[in-house]
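With chain G held as given, fit chain E onto it using these hints.
Protein chains: 2
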Amino acid sequence: MDTRENNSPIFPQGDKASPDYFTGMTWVKMLVAADAGLNCQIGNVVFEAGARNNWHTHPGGQILIATDGVGYYQEKGKPIRLLHKGDVVKILPGVVHWHGASPDSAFTHIAINPNAQKGIVEWLQRVTDEEYNHFK
Amino acid sequence: MDTRENNSPIFPQGDKASPDYFTGMTWVKMLVAADAGLNCQIGNVVFEAGARNNWHTHPGGQILIATDGVGYYQEKGKPIRLLHKGDVVKILPGVVHWHGASPDSAFTHIAINPNAQKGIVEWLQRVTDEEYNHFK
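Protein sequence lines, in the order shown, are assigned to chains G and E.
Residue numbering for the first sequence is 1 to 136, as defined by the numbering used here.
Residue numbering for the second sequence is 1 to 136, as defined by the numbering used here.
Keep in mind that the hints were calculated from the coordinates and are not lab data.
Where hints are given, some of them may not hold.
Treat identical chains as interchangeable: a pair holds within one or across any two.
As the list claims (entries may be wrong) - Using 25 Å as the maximum straight-line C-alpha spacing, the simulated SDA-like pairs for lysine to any residue come out as follows: (1) Lys85 with Val28; (2) Lys90 with Ala49; (3) Lys118 with Pro9; (4) Lys78 with Ala33; (5) Lys90 with Gly119; (6) Lys136 with Gly119; (7) Lys76 with Ala36; (8) Lys76 with Arg126.
Computed from a predicted model, the values in this text were never measured in an experiment.
Same shape as in the complex, but just chain G (with noise of 0.2 Å):
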């Protein structure tokens, strides 16, 4: 019986995500596309240290998996959370929220976009270093 241990990453590092949408180098592997019958779009998301995306909500809610690293995660007037391998997080639809990288991990989470057909993302402000810097 194979009972080795792979620790090699679960994806390929995918595409550079758009600078308009994320202040630092992040990388973006599509799994499931929005239009595949599923109503679910799927990707794989790899920040690198202090990389992070701006500020946004999803018409029909989002899940997210951590697999690698310490990243953040804010809800709008809550504080920074922190996140570790194995810690999954509910965003509710419409729910102002940013995520990313730690200061000094990378960070590589699953993010699933469930009702894709409410539309999938919409975009605000940058996270601003003052923000992303509030951690305690």
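Quick look at chain E alone, frame taken from chain G:
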């Protein structure tokens, strides 16, 4: 910068799956409940070598993300497909199928059930040893 890889499993093993619907030891860790407001149920499933679920369908479809080991996936009337870490399976609503570990390796996948408002799963007959051993 912390670049260490952590090769422990992403999720804890979870609870034993029902022997009514699974052949061989299988564990399920629920990650997102169907009633969490996202119309999307997500669980992590660990199959010991040789274990598999019954034939079944999903009214809202399903996506499998293989994360460890070597697995089997089969749709009715098609050959068994071998699954490795990083493979993604898109299963349309109503498609009769089963999945599980290969004979010589445990297997872990994340199971994503979108459109959960339409129902999660409809179980059918057990996968026989003859069907299971039909991989070429």
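Do the hints match the structure? See the list:
With identical chains, the CA atoms of lysine 85 and valine 28 are at most 25 Å apart both within one copy (18 Å) and between copies (18 Å). Taking the closest pair of Cα atoms, lysine 90 and alanine 49 come within 25 Å of each other only inside a single copy of the chain (23 Å); across copies the shortest separation is 32 Å, beyond that limit. Taking CA atoms no more than 25 Å apart as the test, lysine 118 paired with proline 9 passes in neither setting, with 31 Å inside one copy and 34 Å between copies. Taking the shortest alpha-carbon separations for lysine 78 and alanine 33, only the inter-copy value of 23 Å comes in at or below 25 Å, while the best intra-copy value is 31 Å.
Taking the shortest alpha-carbon separations for lysine 90 and glycine 119, both the intra-copy value of 17 Å and the inter-copy value of 20 Å come in at or below 25 Å. Taking the shortest alpha-carbon separations for lysine 136 and glycine 119, neither the intra-copy value of 34 Å nor the inter-copy value of 42 Å comes in at or below 25 Å. In this assembly of identical chains, lysine 76 and alanine 36 lie within 25 Å of each other by CA distance solely across copies; the values are 20 Å between and 32 Å within a copy. In this assembly of identical chains, the alpha carbons of lysine 76 and arginine 126 lie at most 25 Å apart only when taken from the same copy (13 Å versus 48 Å across copies).
Violated hints, in rising order: 3 and 6; the structure is consistent with all others.
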